[in-house]
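Protein sequence lines, in the order shown, are assigned to chains F and Z. Numbering-wise, the numbering used here puts 85 at position 85 of the first sequence, and it's gapless, one number per residue. Numbering-wise, the numbering used here puts 117 at position 117 of the second sequence, and it's gapless, one number per residue.
Keep in mind the hints are simulated off the structure, nothing from the lab. It is possible that some hints are incorrect.
[Claimed, not checked] Simulated restraints, written as ranges between beta carbons of each label pair:
#	chain 1	residue 1	chain 2	residue 2	range
1	F	A28	Z	S35	40 to 46 Å
2	F	A150	Z	S133	32 to 38 Å
3	Z	S133	F	E22	18 to 24 Å
4	F	E22	Z	D39	43 to 49 Å
5	Z	D8	F	R196	21 to 27 Å
6	Z	D39	F	A41	29 to 35 Å
7	F	P140	Z	S133	19 to 25 Å
8	F	A18	Z	A10	32 to 38 Å
9	F	E56	Z	R82	25 to 31 Å
Where a beta carbon is used, it is the ideal one built from N, C-alpha and C, also for glycine.
Below are the chains, spelled out letter by letter.
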Amino acid sequence: MTCHEVESLIIPYAQGGAVPPEAAAHIAGCKSCTGLVMALAQTDPPPAPSAEQLQEIKSGIVATLKPVKPLAPTRMFVSALMLIAVFAAAVGVIELGTAGWHALSVPQAAAVFTTLAVCAFVLALSLARQIVPGSRLLLPAHLSVLGFLAIIGAIFGTMYQAHPEPAFMSTGLVCLRIGLECALPVAALCWLVLRRGAILNPRALGVLTGALAGLSGLLLLEIFCPNLNAYHVLAWHLGVVLAGTLGGMATGIMVEHFRE
Amino acid sequence: MERYQSGDQAAAQQLVDLVSGRLYAFFASHMGSRSQADDMLQEVWLRLHQARHTYRRSEPVLPWMYAIARRVRVDNYRRRRRIERREVASEALHNIPSQAGPGPTAPSFGELIASLPESQREVLIMLKVNGLSIDDVARATSSTVGAVKQKVHRAYIRLRAWLPTARSGQPSMGEES
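Bound conformation, chain Z alone (with noise of 0.2 Å):
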């Protein structure tokens, strides 16, 4: 990151490798859909790009380009809510991923966290699928460690209420609300 922001071009091109994969599995969990995730990480390396001079040496990356990926899919997921809520809603229905009614097996990570709200949703995504720590999260997401713990736990109150229904194939929580 420091030879990125000096302007070295070998260091710019690893970093893209490195971290790449693990941006675009956090849009594609959030998004459920490829070409979101692919303009989503388009923007994402846009933005952070024109704010790299705003990395501290002294700090971990990875919130610091995760708060600026958070607030890509925010910005995103305002923009498309916008955009659905003028559309016909038949239409808006073809964007729903394609995750909803668990079978009678073990739900997927996608089916599991569907039925969450955005914010417990979020911080399980960073934690399971990116990795991050607690405190990593809290940073990424403007946020405090106790904040974070507290959505975990309502998170896990919620799927350990929804898992044996889930298992049983009856509808899920998403589907009853």
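Just chain F, same shape as in the assembly (with noise of 0.2 Å):
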């Protein structure tokens, strides 16, 4: 065995625990794994809280004891998250219409929801396990969320066709300030559903809402906007995923800030 499989054994052999014979036999010739282990094996006395602190605390918390409901179960989180980012860009159809859509080819459609909806699902899932502190993590928030754009982006530049737009800035900023308008009322609800958890990392949590409302936004844009220049797309589509990660970490930095 080399010093770097027995290092998972280190600990648990300085304490005294059993490991296997290989690994016992590296430690035992290895001079710099001996030396960790005797250096991790001087156990000072654990520091303790005294008998009035807990007393304290424990009086505390019987004072204002009661009953909780458990947490809702992850799916019903999943399954609400969800409802409120196709419920906003559903409102913003019935009032924009579905042009987009029918200019859509039909593997475009299939390539452009199915990962939309992969994505929604998979930052849904992530906001539902934030608020619940001790949860197995899926991948650190601004890696889900930087990934989810270059997939979206991968996606968009291969679908879509890109060439120059002479009104590129103009429909592009209307673009973008519908996909906002859609977004900011998902964050909004989602934020009110997230609270009901524990908010541990406001940062974190502000970055996937964020994202998540973006989606819905960027959901509505492809099913209204005709547009299907790959330039626009990237630009102003991808802008509200985007534009809604900045707030939503913006906003969880100045929670962050408020909490200290």
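Make one complex out of these two single chains by using the hints.
Have a look at this one:
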């Protein structure tokens, strides 16, 4: 065995736990690993809180102790968050129409909407786990959002044709505004759902909420906007997700500062 | 924990007795100061109490508690840093834990981890002092098992390099940097 292979056993070995014989043999024969084990084997007496303090804590808890209803299952939160995102996009579609949907070919529609559905599901699942301390994490928030942006960008880049557009800014800004108008209420409603849990990391929660809200805006734009120019879609449609993410992150940072 | 959620006072008191020592050791190992550990223990119980509905019965309880304890510690650390930035530097020096300066003999665990970056130190404390598994540490730190293993690996690389110099009484990495 190598030093790297026995690393997970160093602490158990240092604390007198049973380890496989080959690992013990390596540690015994390796100066570096033996030194590490000796250093980690030292046990300072663990500091303990005073009896008075424990009594004070107990009194505080008992004085305000009431039965609580445990948090709803993860699937309920995922469903609620997905419903909010789809509902907001649906309201927008009812108002603005489905010109974009009709402009898409079947492969384009299949690729775009499947990707959006998968991304929305993973974001909703990540959010539902974020509010339960000690949950298993799928991916760090910023990495998952960056990954989704890259995947959706790649789908747009390959499924849509790119060509110069004279009214790039003016039409783009209209789409960005529509997307953000859809994303804002989604973010607010998601926040209302998520605050039922424990918000330990407002920044990560903000990033994920902003990205999901942005995705709702993107869904609306893909159904409403008939402009299939890759430049337009990448800059202004995907820009809604990016803006939502950045806005969510900024909100999370503000909440962190407020808490401090 | 389930009885605590149901409002059972005896269960709540038992839970305080059962885990306060571990939580206190977690804070004291990080801060090196009993008064700060006292404050944080008080605060963590307040937050655990407020968030008790977020514990899910099918999930392990320790990662849930340590995730909240970790957030208390991080918030406290940031708060202290902000205050220290505003205060005169000489005052801030008094708050440095008396862990630096290893003697010619083997360093204590506190001295050992004092030279590590914060994230690596946190993982080692959870593993050694609190006896959590790697999976529990990953859950408590909102990280992945792979990321925790990598932090442990990096911590061991640093310690392997540092231990011989520490035993010979030379300055630690923390003092050099």
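Taking the hints in turn, this is what the structure says about them:
1. F:A28 - Z:S35: 40 to 46 Å: Holds, since A28 (chain F) and S35 (chain Z) (Cβ atoms, about 42 Å apart) stay within the stated range.
2. F:A150 - Z:S133: 32 to 38 Å: Hint holds: Cβ distance 33 Å, inside 32 to 38 Å.
3. Z:S133 - F:E22: 18 to 24 Å: Since S133 (chain Z) and E22 (chain F) have Cβ atoms about 21 Å apart, the given range 18 to 24 Å holds.
4. F:E22 - Z:D39: 43 to 49 Å: holds (46 Å)
5. Z:D8 - F:R196: 21 to 27 Å: holds (23 Å)
6. Z:D39 - F:A41: 29 to 35 Å: At roughly 31 Å between Cβ atoms, A41 (chain F) and D39 (chain Z) fall inside 29 to 35 Å, so the hint holds.
7. F:P140 - Z:S133: 19 to 25 Å: The hinted range 19 to 25 Å holds for P140 (chain F) and S133 (chain Z), with Cβ atoms some 21 Å apart.
8. F:A18 - Z:A10: 32 to 38 Å: With a Cβ separation near 36 Å, A18 (chain F) and A10 (chain Z) satisfy 32 to 38 Å, so the hint holds.
9. F:E56 - Z:R82: 25 to 31 Å: holds (27 Å)
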